[in-house]
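Engineer: Each chain, letter by letter, is given below.
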Amino acid sequence: DVKVTQSSRYLVKRTGEKVFLECVQDMDHENMFWYRQDPGLGLRLIYFSYDVKMKEKGDIPEGYSVSREKKERFSLILESASTNQTSMYLCASSFVRGRIGYTFGSGTRLTVV
Amino acid sequence: DQQVKQNSPSLSVQEGRISILNCDYTNSMFDYFLWYKKYPAEGPTFLISISSIKDKNEDGRFTVFLNKSAKHLSLHIVPSQPGDSAVYFCAASAGASGTYKYIFGTGTRLKVLA
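If you read the protein sequences in the order shown, they are chains B and X.
Position 30 of the first sequence, counted from 1, bears residue number 30 in my numbering, the numbering being contiguous throughout.
Position 107 of the second sequence, counted from 1, bears residue number 220 in my numbering, the numbering being contiguous throughout.
For the record, the hints were derived by calculation from the structure and aren't laboratory data.
Treat each hint with caution, since some may be false.
Said to hold, decoys possible - Straight-line C-alpha distance at most 20 Å; calculated SDA-like pairs for lysine to any residue:
no.: 1; chain 1: X; residue 1: LYS184; chain 2: X; residue 2: ASN170
no.: 2; chain 1: X; residue 1: LYS150; chain 2: X; residue 2: THR176
no.: 3; chain 1: X; residue 1: LYS224; chain 2: X; residue 2: ALA207
no.: 4; chain 1: X; residue 1: LYS150; chain 2: B; residue 2: ARG9
no.: 5; chain 1: B; residue 1: LYS3; chain 2: X; residue 2: PHE159
no.: 6; chain 1: X; residue 1: LYS150; chain 2: B; residue 2: ASP38
no.: 7; chain 1: X; residue 1: LYS224; chain 2: X; residue 2: MET142
no.: 8; chain 1: X; residue 1: LYS224; chain 2: B; residue 2: GLY40
no.: 9; chain 1: X; residue 1: LYS169; chain 2: X; residue 2: LYS224
no.: 10; chain 1: B; residue 1: LYS3; chain 2: X; residue 2: PRO153
no.: 11; chain 1: B; residue 1: LYS57; chain 2: B; residue 2: MET27
no.: 12; chain 1: X; residue 1: LYS169; chain 2: B; residue 2: GLY40
no.: 13; chain 1: X; residue 1: LYS150; chain 2: B; residue 2: LYS57
no.: 14; chain 1: X; residue 1: LYS184; chain 2: X; residue 2: GLY129
no.: 15; chain 1: X; residue 1: LYS150; chain 2: X; residue 2: VAL191
no.: 16; chain 1: X; residue 1: LYS214; chain 2: B; residue 2: ARG9
no.: 17; chain 1: X; residue 1: LYS150; chain 2: B; residue 2: SER87
no.: 18; chain 1: X; residue 1: LYS169; chain 2: X; residue 2: SER198
What the hints assert, rightly or not - Label pairs and their calculated CB-CB ranges:
no.: 19; chain 1: X; residue 1: HIS185; chain 2: B; residue 2: LEU41; range: 27 to 33 Å
no.: 20; chain 1: X; residue 1: ASP172; chain 2: B; residue 2: ARG9; range: 25 to 31 Å
no.: 21; chain 1: B; residue 1: SER80; chain 2: X; residue 2: GLN127; range: 47 to 53 Å
no.: 22; chain 1: B; residue 1: VAL113; chain 2: X; residue 2: ILE166; range: 48 to 54 Å
no.: 23; chain 1: X; residue 1: ARG130; chain 2: B; residue 2: SER80; range: 31 to 37 Å
no.: 24; chain 1: B; residue 1: LEU41; chain 2: X; residue 2: MET142; range: 19 to 25 Å
no.: 25; chain 1: B; residue 1: GLU79; chain 2: X; residue 2: ALA227; range: 43 to 49 Å
no.: 26; chain 1: B; residue 1: LYS13; chain 2: X; residue 2: SER121; range: 30 to 36 Å
no.: 27; chain 1: X; residue 1: PRO122; chain 2: B; residue 2: GLY63; range: 24 to 30 Å
no.: 28; chain 1: B; residue 1: ILE77; chain 2: X; residue 2: ALA227; range: 43 to 49 Å
no.: 29; chain 1: B; residue 1: VAL113; chain 2: X; residue 2: ALA227; range: 35 to 41 Å
no.: 30; chain 1: X; residue 1: LYS167; chain 2: B; residue 2: VAL96; range: 43 to 49 Å
no.: 31; chain 1: X; residue 1: VAL191; chain 2: B; residue 2: LYS71; range: 39 to 45 Å
no.: 32; chain 1: X; residue 1: ILE131; chain 2: B; residue 2: LYS18; range: 45 to 51 Å
Ideal placement from N, C-alpha and C gives every residue a C-beta, glycine not left out.
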């Protein structure tokens, strides 16, 4: 069963902490994405990557960075967590070619206090 | 600028009736559309897709209709079941961009009443 695995389902962090969210996929997908989901705002793209060591900003990159050292792993980093980064974070992956859409992980509910 | 819009944040339907979820888009370059379903505390799961060369695609109880001139698509669920209660997202991509990056709508929460 193919999957996208996010390392934590729930996280609680303090304001100012550096936070790492990890995502691993086993489908040999080239593309990987980080979204956040907030009520009334839908899924907003934070960053995406088309290849190892490649990254591009999405719609809301401020306050975040990413790392992709290996094809299967894509990390989202909150440099200094703030309360407005409390959200559901979703990782997804897909092939570069083909229109079958994304496979999503189960999400990480992050609360910053 | 929201390129993909779901103007109804919520919808309630009786079990056995039809659910119709709507989605509008503004970018005429979009040529492939998806619907995802999301339960609480889970990631979205793919439901059904449609290419712009078609105006309808069916998969069991789920049918997606595309009206390109109106830049509108809709998802029909017949008959609706309580297990269909979830948030539904439509998503669109422009193949000409070469990256198949999808833009998501804000979602519609469907509640199917038993």
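Engineer: All the hints need checking, so say for each whether the structure fits it.
Structural biologist: Hint by hint, here is what the structure shows:
1. Restraint check for LYS184 of chain X and ASN170 of chain X: the C-alpha separation of about 16 Å stays at or below 20 Å, so the hint holds.
2. Of the supplied pair hints, the one linking LYS150 of chain X and THR176 of chain X holds, its CA atoms being roughly 14 Å apart against a limit of 20 Å.
3. Between LYS224 of chain X and ALA207 of chain X the CA atoms are separated by roughly 31 Å; this puts the pair beyond 20 Å, and the hint is violated.
4. For the hint pairing LYS150 of chain X with ARG9 of chain B, the CA-to-CA distance comes to about 19 Å; that is within 20 Å, so the pair holds.
5. Between LYS3 of chain B and PHE159 of chain X the CA atoms are separated by roughly 13 Å; this keeps the pair inside 20 Å, and the hint holds.
6. At roughly 15 Å between alpha-carbon atoms, LYS150 of chain X and ASP38 of chain B fall within 20 Å of each other, so this suggested pair holds.
7. At most 20 Å may separate the alpha-carbon atoms for a hinted pair to count; LYS224 of chain X and MET142 of chain X exceed this at roughly 32 Å.
8. Our distance criterion of 20 Å between C-alpha atoms is met by LYS224 of chain X and GLY40 of chain B, whose separation comes to about 16 Å.
9. Under the criterion of a C-alpha separation no larger than 20 Å, the hint pairing LYS169 of chain X with LYS224 of chain X is inconsistent with the structure, at around 24 Å.
10. With a CA separation close to 18 Å, the supplied pair LYS3 of chain B and PRO153 of chain X stays within the 20 Å bound.
11. Among the hinted pairs, LYS57 of chain B with MET27 of chain B is inconsistent with the structure: their alpha-carbon atoms are about 23 Å apart, more than 20 Å.
12. Of the supplied pair hints, the one linking LYS169 of chain X and GLY40 of chain B is violated, its CA atoms being roughly 28 Å apart against a limit of 20 Å.
13. Restraint check for LYS150 of chain X and LYS57 of chain B: not satisfied, since their Cα atoms lie roughly 26 Å apart, outside the 20 Å limit.
14. Only pairs whose Cα atoms come within 20 Å are accepted, and LYS184 of chain X paired with GLY129 of chain X is rejected, the gap being roughly 29 Å.
15. Distance hint between LYS150 of chain X and VAL191 of chain X is fulfilled; the C-alpha atoms sit about 15 Å from each other, no more than 20 Å.
16. Using a Cα cut-off of 20 Å, the hinted pair LYS214 of chain X and ARG9 of chain B is violated, with the two alpha carbons roughly 25 Å apart.
17. Restraint check for LYS150 of chain X and SER87 of chain B: satisfied, since their Cα atoms lie roughly 19 Å apart, inside the 20 Å limit.
18. With a C-alpha separation of about 23 Å, the suggested pair LYS169 of chain X and SER198 of chain X falls outside the 20 Å cut-off, and the hint is violated.
19. Restraint check, HIS185 of chain X to LEU41 of chain B: a C-beta distance of roughly 22 Å breaks the suggested window 27 to 33 Å.
20. Look at ASP172 of chain X against ARG9 of chain B: about 30 Å separates their beta carbons, and that is inside 25 to 31 Å.
21. A hinted range of 47 to 53 Å holds for the C-beta pair SER80 of chain B and GLN127 of chain X, which are about 49 Å apart.
22. Between VAL113 of chain B and ILE166 of chain X the beta carbons are some 50 Å apart, a value that agrees with the proposed interval 48 to 54 Å.
23. Between ARG130 of chain X and SER80 of chain B the beta carbons are some 49 Å apart, a value that contradicts the proposed interval 31 to 37 Å.
24. Distance hint check: the CB atoms of LEU41 of chain B and MET142 of chain X are about 23 Å apart, consistent with the given range 19 to 25 Å.
25. A beta carbon spacing of about 47 Å between GLU79 of chain B and ALA227 of chain X agrees with the range 43 to 49 Å that was offered as a hint.
26. Taken as a hint, the range 30 to 36 Å holds for the pair LYS13 of chain B and SER121 of chain X, whose Cβ atoms sit roughly 34 Å apart.
27. For PRO122 of chain X paired with GLY63 of chain B, a C-beta distance near 26 Å keeps the hint of 24 to 30 Å intact.
28. Checking the proposed 43 to 49 Å range against ILE77 of chain B and ALA227 of chain X shows it holds: the Cβ atoms sit about 44 Å from each other.
29. In this structure the hint that VAL113 of chain B and ALA227 of chain X lie 35 to 41 Å apart at CB holds, the actual value being about 38 Å.
30. At about 23 Å, the beta-carbon gap between LYS167 of chain X and VAL96 of chain B misses the expected band of 43 to 49 Å.
31. At roughly 41 Å, the beta carbons of VAL191 of chain X and LYS71 of chain B sit within the given window of 39 to 45 Å.
32. Checked against the given bound of 45 to 51 Å, the beta carbons of ILE131 of chain X and LYS18 of chain B, roughly 49 Å apart, stay inside it.
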